Amino acid sequence: MHVSFSPEEIIQIVGPIGLRGSTSERVRGIAAINAAETGDLTFLGSPKYKSQVGGSRASVVLLPEDFEGDPAPGQLFLLVKNPSAALATLCARIEHSLWPKPEAGIHPSAVVAPTARVAASATVGPLCVIESGVIVGERVHLQAHVFLGRGVRVGDDCWFQAGVRITADCEIHERVRLQPGVVIGSDGFGYEFTGGRHEKVPQVGCVIIEADVEIGANSTVDRARFSRTVIGLGTKIDNLVQVGHNVIIGKHCILCAQVGIAGSTSLGDYVILGGQVGVSGHLTVGRGVKAGGRAGIVTDLEAGMFVLGMPALPHILEQRINVLRKRLPDLFKRVDALETLLVELKKSSAG
Amino acid sequence: MHVSFSPEEIIQIVGPIGLRGSTSERVRGIAAINAAETGDLTFLGSPKYKSQVGGSRASVVLLPEDFEGDPAPGQLFLLVKNPSAALATLCARIEHSLWPKPEAGIHPSAVVAPTARVAASATVGPLCVIESGVIVGERVHLQAHVFLGRGVRVGDDCWFQAGVRITADCEIHERVRLQPGVVIGSDGFGYEFTGGRHEKVPQVGCVIIEADVEIGANSTVDRARFSRTVIGLGTKIDNLVQVGHNVIIGKHCILCAQVGIAGSTSLGDYVILGGQVGVSGHLTVGRGVKAGGRAGIVTDLEAGMFVLGMPALPHILEQRINVLRKRLPDLFKRVDALETLLVELKKSSAG
Amino acid sequence: MHVSFSPEEIIQIVGPIGLRGSTSERVRGIAAINAAETGDLTFLGSPKYKSQVGGSRASVVLLPEDFEGDPAPGQLFLLVKNPSAALATLCARIEHSLWPKPEAGIHPSAVVAPTARVAASATVGPLCVIESGVIVGERVHLQAHVFLGRGVRVGDDCWFQAGVRITADCEIHERVRLQPGVVIGSDGFGYEFTGGRHEKVPQVGCVIIEADVEIGANSTVDRARFSRTVIGLGTKIDNLVQVGHNVIIGKHCILCAQVGIAGSTSLGDYVILGGQVGVSGHLTVGRGVKAGGRAGIVTDLEAGMFVLGMPALPHILEQRINVLRKRLPDLFKRVDALETLLVELKKSSAG
Numbered sequence: 508m509h510v511s512f513s514p515e516e517i518i519q520i521v522g523p524i525g526l527r528g529s530t531s532e533r534v535r536g537i538a539a540i541n542a543a544e545t546g547d548l549t550f551l552g553s554p555k556y557k558s559q560v561g562g563s564r565a566s567v568v569l570l571p572e573d574f575e576g577d578p579a580p581g582q583l584f585l586l587v588k589n590p591s592a593a594l595a596t597l598c599a600r601i602e603h604s605l606w607p608k609p610e611a612g613i614h615p616s617a618v619v620a621p622t623a624r625v626a627a628s629a630t631v632g633p634l635c636v637i638e639s640g641v642i643v644g645e646r647v648h649l650q651a652h653v654f655l656g657r658g659v660r661v662g663d664d665c666w667f668q669a670g671v672r673i674t675a676d677c678e679i680h681e682r683v684r685l686q687p688g689v690v691i692g693s694d695g696f697g698y699e700f701t702g703g704r705h706e707k708v709p710q711v712g713c714v715i716i717e718a719d720v721e722i723g724a725n726s727t728v729d730r731a732r733f734s735r736t737v738i739g740l741g742t743k744i745d746n747l748v749q750v751g752h753n754v755i756i757g758k759h760c761i762l763c764a765q766v767g768i769a770g771s772t773s774l775g776d777y778v779i780l781g782g783q784v785g786v787s788g789h790l791t792v793g794r795g796v797k798a799g800g801r802a803g804i805v806t807d808l809e810a811g812m813f814v815l816g817m818p819a820l821p822h823i824l825e826q827r828i829n830v831l832r833k834r835l836p837d838l839f840k841r842v843d844a845l846e847t848l849l850v851e852l853k854k855s856s857a858g
Numbered sequence: 508m509h510v511s512f513s514p515e516e517i518i519q520i521v522g523p524i525g526l527r528g529s530t531s532e533r534v535r536g537i538a539a540i541n542a543a544e545t546g547d548l549t550f551l552g553s554p555k556y557k558s559q560v561g562g563s564r565a566s567v568v569l570l571p572e573d574f575e576g577d578p579a580p581g582q583l584f585l586l587v588k589n590p591s592a593a594l595a596t597l598c599a600r601i602e603h604s605l606w607p608k609p610e611a612g613i614h615p616s617a618v619v620a621p622t623a624r625v626a627a628s629a630t631v632g633p634l635c636v637i638e639s640g641v642i643v644g645e646r647v648h649l650q651a652h653v654f655l656g657r658g659v660r661v662g663d664d665c666w667f668q669a670g671v672r673i674t675a676d677c678e679i680h681e682r683v684r685l686q687p688g689v690v691i692g693s694d695g696f697g698y699e700f701t702g703g704r705h706e707k708v709p710q711v712g713c714v715i716i717e718a719d720v721e722i723g724a725n726s727t728v729d730r731a732r733f734s735r736t737v738i739g740l741g742t743k744i745d746n747l748v749q750v751g752h753n754v755i756i757g758k759h760c761i762l763c764a765q766v767g768i769a770g771s772t773s774l775g776d777y778v779i780l781g782g783q784v785g786v787s788g789h790l791t792v793g794r795g796v797k798a799g800g801r802a803g804i805v806t807d808l809e810a811g812m813f814v815l816g817m818p819a820l821p822h823i824l825e826q827r828i829n830v831l832r833k834r835l836p837d838l839f840k841r842v843d844a845l846e847t848l849l850v851e852l853k854k855s856s857a858g
Numbered sequence: 508m509h510v511s512f513s514p515e516e517i518i519q520i521v522g523p524i525g526l527r528g529s530t531s532e533r534v535r536g537i538a539a540i541n542a543a544e545t546g547d548l549t550f551l552g553s554p555k556y557k558s559q560v561g562g563s564r565a566s567v568v569l570l571p572e573d574f575e576g577d578p579a580p581g582q583l584f585l586l587v588k589n590p591s592a593a594l595a596t597l598c599a600r601i602e603h604s605l606w607p608k609p610e611a612g613i614h615p616s617a618v619v620a621p622t623a624r625v626a627a628s629a630t631v632g633p634l635c636v637i638e639s640g641v642i643v644g645e646r647v648h649l650q651a652h653v654f655l656g657r658g659v660r661v662g663d664d665c666w667f668q669a670g671v672r673i674t675a676d677c678e679i680h681e682r683v684r685l686q687p688g689v690v691i692g693s694d695g696f697g698y699e700f701t702g703g704r705h706e707k708v709p710q711v712g713c714v715i716i717e718a719d720v721e722i723g724a725n726s727t728v729d730r731a732r733f734s735r736t737v738i739g740l741g742t743k744i745d746n747l748v749q750v751g752h753n754v755i756i757g758k759h760c761i762l763c764a765q766v767g768i769a770g771s772t773s774l775g776d777y778v779i780l781g782g783q784v785g786v787s788g789h790l791t792v793g794r795g796v797k798a799g800g801r802a803g804i805v806t807d808l809e810a811g812m813f814v815l816g817m818p819a820l821p822h823i824l825e826q827r828i829n830v831l832r833k834r835l836p837d838l839f840k841r842v843d844a845l846e847t848l849l850v851e852l853k854k855s856s857a858g
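Chains as they are written, first to last, in this note's numbering: chain Z, 508 to 858; chain R, 508 to 858; chain S, 508 to 858.
These are calculated hints, taken from the structure and not from any lab test. Worth double-checking, as some hints may not be accurate.
No distinction is drawn between identical chains; accordingly, a pair holds when it is met within one copy or between any pair of copies.
Derived DSS-like pairs (lysine-lysine); straight-line CA-CA distance at most 27 Å [what the hints assert, rightly or not]: (1) Lys-588 / Lys-555; (2) Lys-557 / Lys-588; (3) Lys-707 / Lys-588; (4) Lys-840 / Lys-557; (5) Lys-707 / Lys-853; (6) Lys-707 / Lys-797; (7) Lys-707 / Lys-555.
Since the structure is predicted, the reported quantities are computational estimates derived from the model, not experimental observations.
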């Protein structure tokens with residue numbers, strides 16, 4: 508982040524209710540209260556860190572309007588309704604300078620089929636490849652080295668970063684963001700075993716990515732055997748995630764990094780899967796299910812469940828088992844002792 | 508899948524033994540019996556779904572020749588020897604239109620070293636890079652953005668999708684399919700720890716991919732330290748799989764998504780590894796071994812074993828343990844009760 | 508590896524103290540003692556394989572100077588101070604021919620912004636994209652299809668293989684090696700849930716990769732929310748690893764394949780994480796911590812700990828639990844038997 512804002516610019520961006528103190532430093536970074544240095548802006552996001560404000564070395568501090576206390580010399584307090592929201596406003600401004608709106612148009616090094624239809628407001632970056640029959644919507648930005656196969660449709664305001672690859676006939680709706688190296692529409696993994704060999708089952712379906720989806724770097728989404736693999740509206744997917752063929756993911760789900768979902772499974776809306784979670788094929792995971800990191804889902808799950816472990820169990824049971832697991836060495840000793848005692852008792856009662 | 512076949516075209520492709528009913532709808536999709544809509548073709552793949560045929564809204568249904576029952580109005584039944592095989596014939600036809608054979612030749616935007624030898628029947632797509640000494644066989648198709656390093660050899664009829672990267676001196680045999688973003692020949696992960704630092708051990712071997720292998724999107728196969736990493740004939744590898752240096756994978760294996768195999772391990776023929784399985788380094792996994800999803804193989808395994816869990820155990824033992832695991836809270840209570848009882852008994856017997 | 512050295516060239520490269528026997532074979536490969544064939548060079552890396560030297564079919568064998576025994580006919584023994592070091596010298600020579608120093612300069616097919624500053628000694632390979640404000644240091648080699656976003660800085664002697672992508676404002680220090688498909692600076696995975704939707708939290712920080720780092724194929728490192736994600740000096744990262752936003756990794760760490768580290772976690776120096784390890788967010792993992800393959804770290808760990816399992820436990824405890832786990836079926840039977848016995852005892856003592 509190469510940030511440089513004068514105190515006056517910061518004031519103009521966040522529009523504070525009140526000011527205390529002053530600084531001559533330009534803001535060159537953002538940091539947590541206790542990590543901030545001279546030239547940084549920080550913010551009080553939660554009242555529990557209130558006591559740290561006094562010792563912060565930040566040059567500018569965003570604080571709630573009812574904050575009591577005075578800035579150090581050379582420090583500027585900005586009192587705002589909501590420090591987190593004020594920070595978000597500032598970050599959005601920084602993001603805008605980090606990723607400035609590119610000029611519309613097709614870079615001369617891009618290879619675009621004559622039958623592709625690219626909106627005049629779209630930007631096709633250097634060395635992209637757009638095959639025949641592709642439709643690219645308004646204000647779409649293809650950064651560089653992006654590949655769109657035959658007949659791909661890209662909705663308005665999509666942003667595909669460098670090296671995104673979308674294979675033939677897939678459909679991407681509006682405002683989808685794909686991080687570098689994402690692959691959409693790779694063949695599903697389907698074979699029939701005949702004559703000692705695995706014969707490929709043609710994968711002739713496609714992938715539909717609904718609006719407002721974001722997919723992380725180098726993640727992969729397979730095309731359906733026939734029909735469609737679907738990622739629902741507003742779902743967010745992290746890096747290195749695998750989505751198998753014919754998977755249907757609901758709306759507003761969260762899939763953390765390195766999750767894998769096997770073929771033909773469906774996830775309801777608002778499902779949250781922690782990092783490295785695996786889901787077997789042909790399952791139904793209900794609306795609002797949560798699975799902790801590394802959970803392995805191998806059965807259908809009813810709506811609202813919270814599961815952990817492999818195979819995944821209700822989280823309270825799994826947590827209980829994890830506590831008891833550590834006491835297994837002790838348990839074995841206790842059972843040994845019981846057996847010894849019982850032998851003695853039997854002897855003595857028989858005697 | 509942008510399918511559009513008239514009923515007459517479908518009849519011509521699948522060659523039915525008998526017909527019942529008729530439809531005026533064009534076939535625009537394929538779907539399961541209970542999911543099909545007007546305009547879809549469906550099929551009875553297994554007798555257990557026979558009762559669903561009556562309620563299906565599909566416009567065309569592939570059925571076994573001995574099927575009894577009549578189509579709904581506007582519905583066409585096609586009686587065939589084997590509905591699944593008839594569907595496969597149709598899908599192969601769709602696949603052909605999805606991935607039409609490209610014209611042979613080198614796209615003008617590709618960068619091909621003068622010493623590379625590309626067969627006249629091969630297709631080198633836009634923006635590919637082919638370095639010196641590369642040999643590309645007959646009818647090979649490099650889709651786009653493919654990189655072939657110095658001295659790479661590619662056998663006849665290979666198909667590499669967009670963004671495949673093969674580093675120097677690796678060898679790919681006939682009919683290999685690589686999905687987008689596959690990396691073959693990245694350096695093996697080898698370091699010697701000396702003087703407080705990890706010094707790189709040069710990785711100067713290569714990778715051999717035998718014939719009829721398929722590798723999924725963004726998977727990676729490391730080059731050997733010296734000698735070779737080998738993927739055996741007919742083996743199929745899913746997305747985001749990691750194969751370490753000097754690994755030898757046998758023939759006709761199946762590696763599901765996100766599997767990782769550490770260096771110098773060898774897998775016999777017909778090994779099947781479920782999703783997210785991990786295999787430690789320097790192991791020997793016997794012919795026909797099966798490992799369920801997420802298994803962690805940390806010891807050699809004899810031919811034919813079926814393992815589950817981490818560390819992997821024979822599947823029957825692991826399944827038994829998983830049942831008992833859930834009863835651990837109960838077991839601890841039972842042992843508590845036994846101890847209490849025994850204390851009482853001891854007291855009373857001593858009394 | 509396409510190797511071909513005459514015996515004389517081998518002698519010149521390794522500089523042996525003594526010779527025994529002779530061969531007319533050129534060295535065309537390197538292999539382990541028991542796997543070597545005619546035309547291979549092998550070496551005695553450890554005294555425990557001494558007995559295998561006699562039966563080796565290698566044409567050239569590197570041996571310690573005090574080795575006793577004579578070569579077979581047509582076999583050449585080279586006596587050296589340290590056979591492993593001699594082999595390393597030879598491999599470095601092979602590596603040099605595998606990856607020859609390319610000529611400096613910018614390939615005419617690369618797209619380089621006029622405001623980028625590329626050192627005259629650097630090599631920018633075919634079809635690379637370098638955006639505005641980028642700085643590329645001395646002797647840097649960008650192989651092909653590399654993308655450097657706005658303002659990226661690349662230190663001297665870096666080597667980025669095909670398809671590496673670095674997004675805006677990230678900073679790479681000296682001698683960093685990035686394998687094919689690495690993504691640096693993808694957006695961190697941060698959303699706020701408001702109004703039934705996940706709203707993106709702008710990710711406006713950057714990534715710093717310190718000197719002598721190596722990162723494996725298709726691995727991903729996310730940019731910070733604000734401030735920096737850092738990979739420390741000399742750290743080595745394998746393939747398909749995910750590093751979340753705001754993670755700080757210390758110096759000289761080892762992260763094996765498919766490791767995932769969630770946001771805001773910090774690792775001390777010399778941490779070693781086995782394959783497929785997962786680390787939760789906002790944790791502190793102490794200096795020198797070791798985690799075995801597939802460990803799941805969900806709590807802070809003190810310096811020097813060695814952990815296994817999920818959730819990760821001290822390795823001795825986890826190993827003990829893994830032994831006892833297999834005896835759970837037996838334990839349940841023993842407790843059943845105890846209960847039966849106790850009922851009998853109670854009856855008889857009551858009788």
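Evaluation of the provided hints:
1. Taking the shortest alpha-carbon separations for Lys-588 and Lys-555, only the intra-copy value of 17 Å comes in at or below 27 Å, while the best inter-copy value is 64 Å.
2. Proximity of Lys-557 to Lys-588 under the C-alpha cut-off of 27 Å is restricted to the intra-copy arrangement: shortest distance 16 Å within a copy versus 65 Å between copies.
3. Proximity of Lys-707 and Lys-588 under a CA criterion of 27 Å is satisfied inter-copy only: 21 Å between copies versus 60 Å inside one chain copy.
4. Neither within a single protomer nor between protomers do Lys-840 and Lys-557 lie at most 27 Å apart by alpha-carbon distance, with minima of 50 Å and 46 Å respectively.
5. Proximity of Lys-707 to Lys-853 under the C-alpha cut-off of 27 Å is found in neither arrangement, the shortest distances being 67 Å within a copy and 66 Å between copies.
6. Only between protomers do Lys-707 and Lys-797 lie at most 27 Å apart by alpha-carbon distance; the minimum there is 20 Å, versus 35 Å within a single protomer.
7. For the homomeric pair Lys-707 and Lys-555, the shortest alpha-carbon distance between copies (25 Å) is at most 27 Å, but the shortest distance inside one copy (58 Å) is not.
The structure shown violates the earlier hints numbered 4 and 5.
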